[in-house]
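A.B. asks: Each chain, written out:
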Amino acid sequence: MGKAVDNRTHSAEPVIAKRLVLGCGALVHELVALCRQTPLLKEAITLQCLPAKLHNTPQLIAVEVDKFLSENAHKYQDVFVAYGDCGTAGALDQVLTKYNANRIEGAHCYEFFAGTAAFEEITEDQLGSFFLTDYLVKNFDRLVIQGLGLDRFPELFDEYFRHYTQVVYLAQTKSQELQDMAKQYAESFGMNYQYRYVGTEGLNVVASPILPLAFDLELQVASA
Amino acid sequence: MSDNEEFNLNELDDKELVEQIQDDLYDGMDEEVSEGVQILLDREWDANDVLGDALVGGMKIVGEDFRDGILFVPEVLKCAAAMKGGMKLLRPILANSSVDLSLGKFVIGTVKGDIHDIGKNLVGMMLEGAGFEVIDLGINNPVENYLSAIEEHSPVIVGMSALLTTTMPYMGVVIEEIDRLGMKNDFHMMVGGAPLNQEFADAIGADAYGRDAARSSEMASVYVHAQRA
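Top line first, the protein sequences correspond to chains A and B.
Residue numbers 149 to 372, in my numbering, belong to the letters of the first sequence in order.
Residue numbers 551 to 779, in my numbering, belong to the letters of the second sequence in order.
Think of the hints as simulated: they come from the structure by calculation, not from any bench.
Quick reminder that beta carbons are idealized off the backbone N, C-alpha and C, glycines included.
Just to be clear, a hint being listed does not mean it is correct.
[Said to hold, decoys possible] To give a feel for the contact side, a few chain A residues facing chain B, derived at Cβ under 8 Å:
1) Leu-188
2) Gln-207
3) Gly-235
4) Asp-241
5) Arg-290
6) Val-292
7) Gly-297
8) Pro-302
9) Leu-304
10) Asp-306
11) His-311
12) Ala-334
13) Phe-337
14) Pro-357
[Stated by the list, open to error] From chain A, some residues computed to sit far from chain B (all C-beta separations above 12 Å):
15) Leu-208
16) Arg-300
17) Arg-310
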C-alpha cells in the first residue's frame with residue numbers, strides 16, 4: 149500500500165495504518181459485505197460511501213470525491229476509490245492522482261461487475277442495452293423513474309429510451325425476487341430481458357492486497 | 551416562473567406576450583407556447599422575430615439554468631417539447647420566406663457505438679432556431695456516415711456528439727479521417743456531449759467544443775457570421 153498524498157497541511161493529525169475505501173453509494177451493500185468478510189479486513193479497511201444519486205449526475209462525482217478526500221485522505225495510509233470512470237471522462241482520475249489513490253478499472257460498475265470482455269460482448273450484440281445491478285433493481289423507482297423525471301413526465305419515456313431494445317440485469321446475487329422485479333421492469337419498458345449472474349468479484353480489487361492476506365491469516369488461525 | 555393564474559394571452563401587449571411565451575417555455579407548457587406563437591403571427595410578427603425573441607430567447611434562459619444546476623434534464627426536455635410545438639408553426643412560414651436568413655447547413659450526429667441523442671437533439675433544435683439547416687444523422691454513426699453527408703450536403707459545420715467516455719474517442723477517429731482526406735479546412739468541426747471538455751476537444755483536433763446546447767448554437771452562429779464578415 150502506498151502512502152496517501154496529503155495536499156493540505158494536516159501535520160497535527162496522526163495517520164491511521166488503514167486503507168480508506170471511498171465507494172459509490174450504489175455499491176454500499178456489496179462493499180460492506182466485502183470489507184467485513186474477516187476480522188482482519190474489518191480492521192484494515194475504513195469504508196465510506198458517497199450518495200448513490202451521484203450516479204445520475206456524473207459531472208459531480210470527481211468534485212465530491214475531491215471534497216471528501218481533501219478532508220480525510222491524510223488520515224489514512226492508503227486510499228482506494230470504489231468507482232469506475234463513471235462518466236467523469238478522466239476527471240476522477242485527475243483527482244485521484246492528487247491523493248495517490250487508485251480506483252477500479254473500467255468505465256463503470258456494469259463493466260467491472262460483468263468483466264470487460266462480457267460487457268463488450270453484450271453491447272456489441274445489442275447496442276441498445278439498458279443495464280441494471282442489484283442496487284438499481286432495488287432502487288428502480290427512485291433512481292430510474294424519479295431520477296429521470298418519468299413519474300412527473302411519463303411522456304418523456306421515448307426521449308430517453310427510444311433506442312433501447314433490452315434490459316440486461318447484471319446480478320450480484322441470485323435473488324429470485326430481484327430477478328422477478330427486473331423482468332417486470334423490462335416488460336413495463338417494452339424491452340427484452342436478459343439475466344446474467346456476475347457476482348461481486350469485480351469489487352475484490354478494492355481490498356487488494358489485503359484480501360488474500362486476510363484469508364491466509366484467517367486460515368492459519370483456524371487451523372492452529 | 552409563471553403562477554397558476556389563468557389569463558387570456560391575447561390581452562397581453564407584444565412585449566408582455568414574448569415574456570409570457572418565454573415563461574411558458576421555461577415551464578414546459580407546450581400548448582401555451584404554441585398559442586402565444588400563433589398570436590404573435592396573427593399580429594403579423596415576422597416568423598424570424600418570433601423564433602429569435604420568444605423561442606430561442608426562452609431556450610437560452612433554459613440553457614443557462616441547466617448549466618447552473620437550476621434545471622435538470624427532465625425539465626429541459628419538457629422545455630424542448632414546448633419549443634418544438636412553436637417551431638412546428640414557424641417552420642413552414644420560415645421555409646417559404648423570401649428573405650434567406652439561413653446560416654447554412656449543419657451536419658450533426660451521435661458517434662459510432664453511442665445511442666444517446668437527447669443532447670444532440672437539443673443542439674439540433676437550437677441550431678434550427680438560430681437559422682441553420684440541420685442535417686441530423688441520428689445515432690451510432692461510423693465515419694462513413696459523416697463523409698457521405700459531407701459529400702451530399704457541403705455543410706458549413708459538422709458536429710459530433712457522445713455521451714459515453716467509451717465512445718467519445720471515436721470523434722478523434724472521424725476527425726483524423728477527415729484530415730487524412732484533406733477535408734479538414736473545408737468546414738468547421740464542433741464536438742459536444744456531457745463527458746467532454748475543451749481539453750479533449752483540443753486533443754482530438756476539433757475546431758470548437760460546445761459545452762451545452764445554447765452555447766453550441768451561439769458558437770456556431772458566431773463562427774458563420776465571422777466567416778461572412
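A.B. asks: All the hints need checking, so say for each whether the structure fits it.
C.D. replies: Verification of the supplied hints:
At about 36 Å, the closest approach between the beta carbon of Leu-188 of chain A and any beta carbon in chain B exceeds 8 Å, and the interface hint on this residue is violated. The beta carbon of Gln-207 of chain A comes within 7 Å of a beta carbon in chain B, closer than 8 Å, and the hint placing it at the interface holds. For Gly-235 of chain A, the shortest C-beta to C-beta distance to chain B is roughly 6 Å, which falls under 8 Å, so the interface hint holds. For Asp-241 of chain A, the suggested interface contact is broken, since its CB lies about 11 Å from the closest CB of chain B, more than 8 Å.
For Arg-290 of chain A, the interface hint is violated, the least distance from its beta-carbon to any beta-carbon of chain B being 14 Å, above 8 Å. With its C-beta approaching chain B no nearer than about 12 Å, Val-292 of chain A sits outside the 8 Å limit, and its interface hint is violated. A distance limit of 8 Å between C-beta atoms decides the matter here; for Gly-297 of chain A the minimum to chain B is near 2 Å, and the interface restraint holds. The beta carbon of Pro-302 of chain A comes no nearer than 11 Å to any beta carbon in chain B, farther than 8 Å, and the hint placing it at the interface is violated.
Hint on Leu-304 of chain A holds. Least Cβ distance to chain B is approximately 5 Å, under the 8 Å limit. Evaluation of the Asp-306 of chain A hint against chain B yields a violated restraint, the C-beta minimum of about 10 Å exceeding 8 Å. With a cut of 8 Å, the hint placing His-311 of chain A at the interface with chain B holds, because the nearest CB-to-CB distance is about 4 Å. At a threshold of 8 Å, the smallest CB-CB gap from Ala-334 of chain A to chain B is about 17 Å, leaving the interface hint violated.
Violation of the interface hint for Phe-337 of chain A is found here, the shortest Cβ-Cβ separation to chain B being roughly 15 Å, above the 8 Å cut-off. For the restraint placing Pro-357 of chain A at the interface with chain B, the shortest Cβ-Cβ distance is roughly 28 Å, beyond the 8 Å limit, so the hint is violated. Interface exclusion of Leu-208 of chain A from chain B breaks down, the closest Cβ pair being 9 Å apart, not more than 12 Å. With a least CB separation of 7 Å from chain B, Arg-300 of chain A falls inside the 12 Å interface cut-off, contrary to its annotation.
A cut-off of 12 Å between C-beta atoms contradicts the statement that Arg-310 of chain A is not in contact with chain B; the least separation is 8 Å.
Checked against the numbered hints given earlier, this structure breaks hints 1, 4, 5, 6, 8, 10, 12, 13, 14, 15, 16 and 17; the rest are met.
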